[in-house]
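Enquirer: Here the protein sequences come in this chain order: A and B. In terms of my numbering, the first sequence opens at residue 1 and continues consecutively. In terms of my numbering, the second sequence opens at residue 1001 and continues consecutively.
If you're looking for bench data, these hints aren't it; they were derived computationally from the structure. Just so it is clear, the structure is predicted and the values come from calculations on it, not from any experiment. Glycine is no exception: its CB is placed at the ideal position from the N, C-alpha and C atoms. Please note: incorrect hints may appear among the correct ones.
Listed next, the in silico DSS-like pairs over lysine-lysine satisfying Cα-Cα at most 30 Å (straight line) [what the hints assert, rightly or not]:
| # | chain 1 | residue 1 | chain 2 | residue 2 |
| --- | --- | --- | --- | --- |
| 1 | A | 100 | B | 1065 |
| 2 | A | 54 | A | 37 |
| 3 | B | 1065 | A | 5 |
| 4 | A | 37 | B | 1007 |
| 5 | A | 100 | B | 1007 |
| 6 | A | 5 | A | 54 |
Where chain B lies over chain A, by a calculated footprint (3+ residues, C-beta under 8 Å) [what the hints assert, rightly or not]:
| # | segment |
| --- | --- |
| 7 | 39-53 |
| 8 | 94-100 |
| 9 | 103-113 |
Restraint-style ranges between C-beta atoms, simulated for each label pair [claimed, not checked]:
| # | chain 1 | residue 1 | chain 2 | residue 2 | range |
| --- | --- | --- | --- | --- | --- |
| 10 | B | 1086 | A | 15 | 38 to 44 Å |
| 11 | B | 1106 | A | 55 | 31 to 37 Å |
| 12 | A | 10 | B | 1038 | 14 to 20 Å |
| 13 | A | 41 | B | 1069 | 24 to 30 Å |
| 14 | A | 54 | B | 1001 | 19 to 25 Å |
| 15 | A | 113 | B | 1039 | 27 to 33 Å |
| 16 | A | 41 | B | 1026 | 16 to 22 Å |
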Amino acid sequence: DQQVKQNSPSLSVQEGRISILNCDYTNSMFDYFLWYKKYPAEGPTFLISISSIKDKNEDGRFTVFLNKSAKHLSLHIVPSQPGDSAVYFCAATDGGATNKLIFGTGTLLAVQP
Amino acid sequence: SAVISQKPSRDICQRGTSLTIQCQVDSQVTMMFWYRQQPGQSLTLIATANQGSEATYESGFVIDKFPISRPNLTFSTLTVSNMSPEDSSIYLCSVARGTYEQYFGPGTRLTVT
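Just chain A, with the same shape it has in the complex:
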């Protein structure tokens, strides 16, 4: 059972435009969400996170939105840059003592110059 889903395996965006990456989850016990970026041959890099008590968190060009009623979160990148081209994973946790993260399947973002 895939508790965290990223239904778009890939996304192509023009440089300077907005990139919107989506993520859905099924477990209502999840209360903390994270986004990671992964380049080939590297480990995932933490980007931004959001707690379930918020609906928005912003860090520079990156903003994460959380809609708890819809069990949906999204990552907005504005403006998109060619260096943003990577695989983006969302992850979720129920905040238990194990710190266990459940990852989505990833979305490959290609930012065209």
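We have chain A; now place chain B onto it with these hints.
Expert: Positioned in the frame of chain A, the structure of chain B alone reads:
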């Protein structure tokens, strides 16, 4: 964040052999994690390794196949035993930081022939 290194970065191994992957962190951490990313798949948690206690394995992973050591607060090893081609994956270690964030090593790309 944390600086995490893994050895080896990649290896090609024969069926039936074992490989030990090392993970070194630049500072002391309580919780370390081992993940597997099979080709085209998401990151799947293998086990959580706390110093001074037995590793906690996720469903579908067993100690005989993936023994883990955690001799101190900056180091851990994961062994992939009696390998088969299905074990061909990227193996990643991570450490817990902040609220629930995890920071990842660069990964070990394993190919089993």
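Enquirer: Each hint should be assessed against the structure and marked as holding or not.
Expert: Results for each hint:
no.: 1; hint: A/100 <-> B/1065; result: holds (21 Å)
no.: 2; hint: A/54 <-> A/37; result: holds (22 Å)
no.: 3; hint: B/1065 <-> A/5; result: holds (28 Å)
no.: 4; hint: A/37 <-> B/1007; result: holds (22 Å)
no.: 5; hint: A/100 <-> B/1007; result: holds (24 Å)
no.: 6; hint: A/5 <-> A/54; result: holds (21 Å)
no.: 7; hint: 39-53; result: holds (count 8)
no.: 8; hint: 94-100; result: holds (count 4)
no.: 9; hint: 103-113; result: holds (count 4)
no.: 10; hint: B/1086 <-> A/15: 38 to 44 Å; result: holds (40 Å)
no.: 11; hint: B/1106 <-> A/55: 31 to 37 Å; result: holds (34 Å)
no.: 12; hint: A/10 <-> B/1038: 14 to 20 Å; result: holds (19 Å)
no.: 13; hint: A/41 <-> B/1069: 24 to 30 Å; result: holds (26 Å)
no.: 14; hint: A/54 <-> B/1001: 19 to 25 Å; result: holds (22 Å)
no.: 15; hint: A/113 <-> B/1039: 27 to 33 Å; result: holds (29 Å)
no.: 16; hint: A/41 <-> B/1026: 16 to 22 Å; result: holds (21 Å)
The structure shown violates none of the earlier numbered hints.
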